[in-house]
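**Q** Work out the full structure, taking the sequences as your base and the hints as a guide.
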Amino acid sequence: MPEILDQARTQVLENGVGLDEAGVLAVLNLPDEDVPAALQLAHEVRMRWCGPEVEVEGIVSLKTGGCPEDCHFCSQSGLFTSPVRSVWLDIPSLVEAAKQTAKTGATEFCIVAAVRGPDARLMKQMREGVAAIKAEVDIQVAASLGMLSQEQVDELVDMGVHRYNHNLETCRSYFPNVVTTHSWEERWDTLRMVRESGMEVCCGGILGLGETVEQRAEFAAQLAELDPHEVPLNFLNPRPGTPLGDRPVVEGKDALRAIAAFRLAMPRTILRYAGGREITLGDLGTRDGLLGGINAVIVGNYLTTLGRPATADLALLDDLKMPVKALSETL
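Using UniProt numbering, the first residue of the sequence shown is number 1, and each one after it goes up by one.
Note that these hints are calculated values from the structure, not bench results.
Certain hints may be false.
Unchecked claim - Below are the DSSO-like pairs computed for lysine-lysine, each with C-alpha atoms no more than 30 Å apart in a straight line: (1) Lys103 to Lys134; (2) Lys134 to Lys124; (3) Lys99 to Lys321; (4) Lys103 to Lys124; (5) Lys321 to Lys103; (6) Lys99 to Lys124; (7) Lys99 to Lys134; (8) Lys321 to Lys253.
Claimed, not checked - The following label-pair restraints were derived from C-beta to C-beta distances: (9) Ala135 to Ala22: 47 to 55 Å; (10) Arg268 to Asp246: 36 to 44 Å; (11) Pro248 to Asn29: 18 to 26 Å; (12) His229 to Val17: 17 to 25 Å; (13) Arg268 to Leu291: 14 to 22 Å.
Idealized CB from N, CA, C, for every residue including glycine.
**A** Printed below as a string of structure tokens:
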């Protein structure tokens, strides 16, 4: 077994201490023949420090498209020629989406808006929407509304939003190649305020934006420093009309290396399958990731791309004998 995996077996599996940046890089550089061993170790780490349960989440977009920011991977930017146009979802539709999400067995329902940060209109709609969902659906509500002020953080806590998603997207050194309308530090400031508020922090990113393997390791180390409750791991699904629309899809073996490496960097974190896994990994690779450190999935569609049917993911979890996390145990 490679030396880095021997080190990780003692450091991460036995002692629960994540690999540092150099260790993550060593895992990301493992030859193909050692990837199965890395995934097996990552699975053992997940079972030891997180347990067998898988958290299932659905997401819905409250405001789609028309975003003023220039995130180069995103078809919701109003600055690109991608076909997504600005749409608002009404409260009854939001409640219905939450009901449909709950029927899949999901315990999490995340309300997302394509904005730099929420204005008064969006915060009002969030307050009404969260109240309506809580009145009718037994599900936990999370939010992803861009960068926040302290007052907005406090208001979301008051609404009963228990988890906030704000992805760093990529490492600090590569971020200016992906976004120019705001800084990595601005995102970090929002995450700091969310953590201090008592809300759970959900923060991940997208692999395959053009970053180097070294920058991928840097990103894992920066996420580990943040110590988020959850890390959604996306793989670029290139969107027509965006600056990254012509980028190649991440190779399946590289995606699996990353899953193992991120788990070995963050042994106690919820590591969630998010966008792009369908085209990057397919059905077999999706199974390999669930047996290699992943312990949460977004079911159904993503914000601007189609996912696998929720029934397919739930059937796979059942086949793998991985119990879906029960809501009663998270309240």
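**Q** Hint by hint, note whether the structure agrees.
**A** Hints, one by one, checked against the model:
At most 30 Å may separate the alpha-carbon atoms for a hinted pair to count; Lys103 and Lys134 meet this at roughly 15 Å. With a C-alpha separation of about 16 Å, the suggested pair Lys134 and Lys124 falls inside the 30 Å cut-off, and the hint holds. Restraint check: the Cα-Cα separation between Lys99 and Lys321 comes to about 25 Å, which is no more than 30 Å; the hinted pair holds. Between Lys103 and Lys124 the alpha-carbon distance is near 27 Å, which keeps this suggested pair within the 30 Å criterion.
Under the criterion of a C-alpha separation no larger than 30 Å, the hint pairing Lys321 with Lys103 is consistent with the structure, at around 20 Å. A threshold of 30 Å between alpha carbons decides the hint, and for Lys99 with Lys124 the separation of about 21 Å falls inside it, so the pair holds. A hinted pair counts as satisfied when its Cα atoms are at most 30 Å apart, and Lys99 with Lys134 qualifies at roughly 11 Å. Restraint check: the Cα-Cα separation between Lys321 and Lys253 comes to about 24 Å, which is no more than 30 Å; the hinted pair holds.
Checking the proposed 47 to 55 Å range against Ala135 and Ala22 shows it holds: the Cβ atoms sit about 50 Å from each other. The supplied range of 36 to 44 Å is met by Arg268 and Asp246, whose beta-carbon atoms lie about 38 Å from each other. Between Pro248 and Asn29 the C-beta distance comes to about 19 Å, which sits within the given range of 18 to 26 Å. For the pair His229 and Val17, the supplied restraint of 17 to 25 Å holds, since their beta-carbon distance comes to about 18 Å.
Here the CB-CB span from Arg268 to Leu291 is close to 19 Å, well matched to the stated 14 to 22 Å.
The structure agrees with every numbered hint stated previously.
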